[in-house]
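Working from the sequences, and respecting the hints, build out all of it.
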Amino acid sequence: MSTRSVLIVEDEPLIRLVLAEALIDEGYHVSMASNFLEAIGVIGRNPAFDFMITDVDMPGGLSGTDLAAMVASHAPSTAIIVTSGRAVTDGLASDWTFIPKPFGVQDILDLLDQKFDDRVQPANDRAVIVAHAS
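FYI, the numbering for the sequence shown is 1 to 134, going by full-length UniProt numbering.
Hints were generated in silico from the structure; no laboratory data involved. C-beta: ideal position from N, C-alpha, C; glycine also. Wrong hints could be hidden among the right ones.
[Unchecked claim] SDA-like, lysine to any residue: derived pairs with alpha carbons at most 25 Å apart:
| id | residue 1 | residue 2 |
| --- | --- | --- |
| 1 | Lys115 | Val42 |
| 2 | Lys115 | Ile99 |
| 3 | Lys115 | Met32 |
| 4 | Lys115 | Arg86 |
| 5 | Lys115 | Arg16 |
| 6 | Lys101 | Gln114 |
| 7 | Lys115 | His74 |
| 8 | Lys115 | Ser31 |
| 9 | Lys115 | Gly91 |
| 10 | Lys115 | Asn46 |
| 11 | Lys115 | Arg4 |
| 12 | Lys115 | Pro76 |
| 13 | Lys101 | Asp117 |
| 14 | Lys101 | Glu12 |
| 15 | Lys101 | Leu14 |
| 16 | Lys101 | Ser34 |
| 17 | Lys101 | Met70 |
| 18 | Lys101 | Phe116 |
| 19 | Lys115 | Gly61 |
| 20 | Lys101 | His29 |
| 21 | Lys101 | Ala69 |
| 22 | Lys115 | Gly44 |
| 23 | Lys115 | Gly27 |
| 24 | Lys101 | Gly44 |
| 25 | Lys115 | Asp25 |
| 26 | Lys115 | Asp90 |
| 27 | Lys115 | Leu17 |
| 28 | Lys115 | Glu26 |
| 29 | Lys115 | Ala87 |
| 30 | Lys115 | Ala48 |
| 31 | Lys115 | Ser73 |
[Unchecked claim] Distance windows between CB atoms, simulated:
| id | residue 1 | residue 2 | range |
| --- | --- | --- | --- |
| 32 | Asp117 | Pro59 | 29 to 37 Å |
| 33 | Thr3 | Gln106 | 31 to 39 Å |
| 34 | Asp25 | Gln114 | 13 to 21 Å |
Pasting the structure below:
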């Protein structure tokens, strides 16, 4: 299996780091950002993530759903997972998966495996966005 790549966009450092460590331990290549603008910079340097993980509510005025919509429009094969500490239904595309906080790391790993297995597109045109909100 080739290394799967993940972009985690989460403004809570502890969540971001714990999730990144777990994904690295599972063999994922992980990049991180703490907000929308940092994520855009990371995507600009490496637009071909298998998965992307982001927060719904982030500082700076632009949300994880804004980021997810942008990535989905530029990489339509991107699978998107949205998580939040509050009920979120508005602004979510029908092909995005919502997971409420708190979630277990194993829940994310299982979902990423499922999403990866469900995909038939080449890995360089695949990404997952996991959006987290505080």
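Contradicted hints - numbers only: 19, 24 and 33
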